[in-house]
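Given the coordinates of chain A, assemble chains B and C onto it according to the supplied hints.
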Amino acid sequence: MKLTLAEPRYLKDSVSVISELVNEARFKITPDAVELVAMDPANVAMVIFKLLSSSFIEYNIKETTELSINLDNLKKILRRASPTDVLTLELEKTKLKITLKGRATRTFSLPILELEEKEQKIPNLNFPINITTTKAVLDEAIEDVDIVAESVSLAADPETFIVSAEGDMSHAQIEIKQSEDTSIKVEGDAKIKSRYSIEYLKKIVKGGKLSNNVSIMFNKDYPLRIEYKVIDKLLLAFILAPRVDND
Amino acid sequence: MKLTLAEPRYLKDSVSVISELVNEARFKITPDAVELVAMDPANVAMVIFKLLSSSFIEYNIKETTELSINLDNLKKILRRASPTDVLTLELEKTKLKITLKGRATRTFSLPILELEEKEQKIPNLNFPINITTTKAVLDEAIEDVDIVAESVSLAADPETFIVSAEGDMSHAQIEIKQSEDTSIKVEGDAKIKSRYSIEYLKKIVKGGKLSNNVSIMFNKDYPLRIEYKVIDKLLLAFILAPRVDND
Amino acid sequence: MKLTLAEPRYLKDSVSVISELVNEARFKITPDAVELVAMDPANVAMVIFKLLSSSFIEYNIKETTELSINLDNLKKILRRASPTDVLTLELEKTKLKITLKGRATRTFSLPILELEEKEQKIPNLNFPINITTTKAVLDEAIEDVDIVAESVSLAADPETFIVSAEGDMSHAQIEIKQSEDTSIKVEGDAKIKSRYSIEYLKKIVKGGKLSNNVSIMFNKDYPLRIEYKVIDKLLLAFILAPRVDND
Numbered sequence: 001m002k003l004t005l006a007e008p009r010y011l012k013d014s015v016s017v018i019s020e021l022v023n024e025a026r027f028k029i030t031p032d033a034v035e036l037v038a039m040d041p042a043n044v045a046m047v048i049f050k051l052l053s054s055s056f057i058e059y060n061i062k063e064t065t066e067l068s069i070n071l072d073n074l075k076k077i078l079r080r081a082s083p084t085d086v087l088t089l090e091l092e093k094t095k096l097k098i099t100l101k102g103r104a105t106r107t108f109s110l111p112i113l114e115l116e117e118k119e120q121k122i123p124n125l126n127f128p129i130n131i132t133t134t135k136a137v138l139d140e141a142i143e144d145v146d147i148v149a150e151s152v153s154l155a156a157d158p159e160t161f162i163v164s165a166e167g168d169m170s171h172a173q174i175e176i177k178q179s180e181d182t183s184i185k186v187e188g189d190a191k192i193k194s195r196y197s198i199e200y201l202k203k204i205v206k207g208g209k210l211s212n213n214v215s216i217m218f219n220k221d222y223p224l225r226i227e228y229k230v231i232d233k234l235l236l237a238f239i240l241a242p243r244v245d246n247d
Numbered sequence: 001m002k003l004t005l006a007e008p009r010y011l012k013d014s015v016s017v018i019s020e021l022v023n024e025a026r027f028k029i030t031p032d033a034v035e036l037v038a039m040d041p042a043n044v045a046m047v048i049f050k051l052l053s054s055s056f057i058e059y060n061i062k063e064t065t066e067l068s069i070n071l072d073n074l075k076k077i078l079r080r081a082s083p084t085d086v087l088t089l090e091l092e093k094t095k096l097k098i099t100l101k102g103r104a105t106r107t108f109s110l111p112i113l114e115l116e117e118k119e120q121k122i123p124n125l126n127f128p129i130n131i132t133t134t135k136a137v138l139d140e141a142i143e144d145v146d147i148v149a150e151s152v153s154l155a156a157d158p159e160t161f162i163v164s165a166e167g168d169m170s171h172a173q174i175e176i177k178q179s180e181d182t183s184i185k186v187e188g189d190a191k192i193k194s195r196y197s198i199e200y201l202k203k204i205v206k207g208g209k210l211s212n213n214v215s216i217m218f219n220k221d222y223p224l225r226i227e228y229k230v231i232d233k234l235l236l237a238f239i240l241a242p243r244v245d246n247d
Numbered sequence: 001m002k003l004t005l006a007e008p009r010y011l012k013d014s015v016s017v018i019s020e021l022v023n024e025a026r027f028k029i030t031p032d033a034v035e036l037v038a039m040d041p042a043n044v045a046m047v048i049f050k051l052l053s054s055s056f057i058e059y060n061i062k063e064t065t066e067l068s069i070n071l072d073n074l075k076k077i078l079r080r081a082s083p084t085d086v087l088t089l090e091l092e093k094t095k096l097k098i099t100l101k102g103r104a105t106r107t108f109s110l111p112i113l114e115l116e117e118k119e120q121k122i123p124n125l126n127f128p129i130n131i132t133t134t135k136a137v138l139d140e141a142i143e144d145v146d147i148v149a150e151s152v153s154l155a156a157d158p159e160t161f162i163v164s165a166e167g168d169m170s171h172a173q174i175e176i177k178q179s180e181d182t183s184i185k186v187e188g189d190a191k192i193k194s195r196y197s198i199e200y201l202k203k204i205v206k207g208g209k210l211s212n213n214v215s216i217m218f219n220k221d222y223p224l225r226i227e228y229k230v231i232d233k234l235l236l237a238f239i240l241a242p243r244v245d246n247d
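Residue numbers (my numbering), protein chains in the order written: chain A, 1 to 247; chain B, 1 to 247; chain C, 1 to 247.
Chain A extracted, bound-state conformation (with noise of 0.2 Å):
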């Protein structure tokens, strides 16, 4: 296996990424992509992970091939990586080699771990609902709902997308509308209504980097799943378990 990439920052970012909610977690290397699907330690959230072969300029493979990692360690490597350099990924033995193609030659290596867990199935959604915006809308919004409070109330109506949240004294809610920036397509007439817990949220709007535009999933007391993609290179996306009341 020898897969180089001359935009190291997917690799990097989407790493960087993951690992806030996934400690160890099984890439898997097929002809077309480098895959990855996890679930966090809480069972709260799927990372749901996709390098094409295309954003590669070397992608040499024989056979689909499992090799499970820990992200910190992988993170802290990828970030050595500067804007400029060639990365490649080697296998050698029970060892992930990554070489860094700079100013100078740089090499590390990383041991393959064994994981025992089973291979994440991703469930099949599907969502009345779906928006698409800019992060920086959705980046504000979950920081200005962060201050009050600890779960976010995500709402849609075919007009207007809103998301608030109701602290023990404050509460904060913000409206956005259709516009050039912010498409919303909602099924049917009504306002659908769903919960969601704003750290989680912190954690997966850090997709961000790696793509402008963001796309925004759910359905009332229902899974929330949220998109970042860049053409023919990658797709990061998460599942996200709904908050429910329990009176």
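In short, the hints are calculated from the structure, not lab data.
Quantities reported herein were computed from a predicted structural model and do not represent experimental measurements.
Please note that the accuracy of each hint is not assured.
Where chains are identical, the list cannot tell them apart; a pair therefore holds if satisfied intra-copy or between any two copies.
Taking lysine to any residue and the SDA-like style, the derived pairs with C-alpha atoms no more than 20 Å apart in a straight line are [stated by the list, open to error]:
#1 Lys-193 with Met-1
#2 Lys-75 with Glu-143
#3 Lys-121 with Glu-187
#4 Lys-135 with Arg-103
#5 Lys-118 with Ser-16
#6 Lys-76 with Thr-4
#7 Lys-206 with Thr-182
#8 Lys-135 with Asn-213
#9 Lys-101 with Leu-91
#10 Lys-193 with Thr-105
#11 Lys-135 with Thr-84
Chains B and C alone, transformed into the frame defined by chain A:
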């Protein structure tokens, strides 16, 4: 009541500075200005704040209103205002409603507190010394003395403003002469000297966020008054008790 | 004694770097230079500092003078010097007087310590390897190995300078070839390798604040010498004891 600011930073930066000294405070909204007079919990420093109605693009108030607010919570909300947001304050029963209009419309509400405390009177003080200088000159002098001691002596004669501090081992002295940047007015010829807490001064000089110029007024073993002004917009002033030697 | 520097950063940045290794030190002020030779408290690293009289605009000294100073306190004062300040050092009885002249005239005084310690002799060392490179190349290599281990191996043959580290699990290796930026001089053909503490090297490479170029000299299981120079101005050098395996 409906007050609208096109430049939210006047309120944002002021509350950020005031909240370093005062936790909860009563705003008095008169037909002329939004005002606040408060003591810090240790009774060492008084804050005087006035945001003139002329700094608002909409200033709609029927009668003078008083409302007490937790300044930390208010600061967190105001911090979310970007320079291009339009900020509106409204009273809604027991809540203060703050609206930030930019790309999205963001609404926050904060509880109005019941503050038993009696109204603070601004003391009537006379200062034989009045120094006007740039915030950079004052900020640097305070940072200079901060590395050697906990209290600073201010002294002035008609030619020179002297900021000095005596630590256990080290000593620092800053001489600031009359100049284009610095005007020194002293009644009489005597050199007057007084001592103040550096810890408080470090919080007070953050008022430099609001104005490039600062006025410094003091007298021997007498309170210090520091003032930041934006003409036709606002006043942020502090009165700091002196440190008097007990020997 | 009166010494005046128009570019305070030579003293400021040097003391900032030296103070990471040494707490109190004796400066020797000769007609030629301000000099310092000191060991770190653990006796692992020696610092050699020489600020030539030619870097001063006024260098007035009658006889060679020694004065011991707490470097942390000196650093705090020098940090207050802005790049355009003119810095003057004077002896006043048991105090070192430091004047910063800019917009204001700022004077600090620091106690001179009585340091019992005997004078440090610079050891006479011979190095078969002498590598000159940019600070960026050395800094990056040290940061690279820092993520996998606590000690680093330096090795060189006439073509390549190799910086490598072996952690419990991970491994890092940086190959730096002869190039426009990097000159490698090795006596003989043999590949020489030696091991040093990364913790100390991270402090030493901060000398890069002073010069873009760095010289690296070492030998097998022998001290390492790292040198930063500004022609006609200053020398900041470090001698670091090797880490020798006990097996």
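>> My question is about Lys-118 and Ser-16: at a cut-off of 20 Å on alpha-carbon distance, are they close within one copy, between copies, both, or neither?
In response: neither (23 Å within a copy, 51 Å between copies)
Check: At most 20 Å between C-alpha atoms: does Lys-206 with Thr-182 qualify within a copy, between copies, both, or neither?
Finding: within (19 Å within a copy, 39 Å between copies)
| said: Please sort Lys-76 with Thr-4 into within, between, both or neither, judging by C-alpha distance up to 20 Å. | reply: within (19 Å within a copy, 45 Å between copies)
Next on the checklist: For Lys-135 and Arg-103, with the copy left unspecified, which applies at a CA distance of at most 20 Å: within, between, both, or neither?
Outcome noted: between (34 Å within a copy, 13 Å between copies)
Checking an output row: Lys-135 and Asn-213, CA cutoff 20 Å. Within, between, both or neither? within (5 Å within a copy, 39 Å between copies)
Review point. Given identical chains, is Lys-193 near Met-1, meaning Cα to Cα at most 20 Å, within a copy, between copies, both, or neither?
Key: neither (47 Å within a copy, 32 Å between copies)
**OP:** Classify it for me, Lys-135 with Thr-84: is the Cα-Cα distance of at most 20 Å met within a copy, between copies, both or neither?
**Re:** Answer is between; shortest inter-copy Cα gap is 18 Å, intra-copy 25 Å.
*Is the C-alpha distance from Lys-193 to Thr-105 at most 20 Å within one copy, between copies, in both cases, or in neither?*
between (52 Å within a copy, 18 Å between copies)
- Given a CA cutoff of 20 Å, do Lys-121 and Glu-187 count as a within-copy pair, a between-copy pair, both, or neither? neither (27 Å within a copy, 61 Å between copies)
Checking an output row: Lys-101 and Leu-91, CA cutoff 20 Å. Within, between, both or neither? within (17 Å within a copy, 53 Å between copies)
>> My question is about Lys-75 and Glu-143: at a cut-off of 20 Å on alpha-carbon distance, are they close within one copy, between copies, both, or neither?
In response: Between copies only: 14 Å across, 25 Å inside.
Hint compliance for this structure: hints 1, 3 and 5 are broken, all remaining hints hold.
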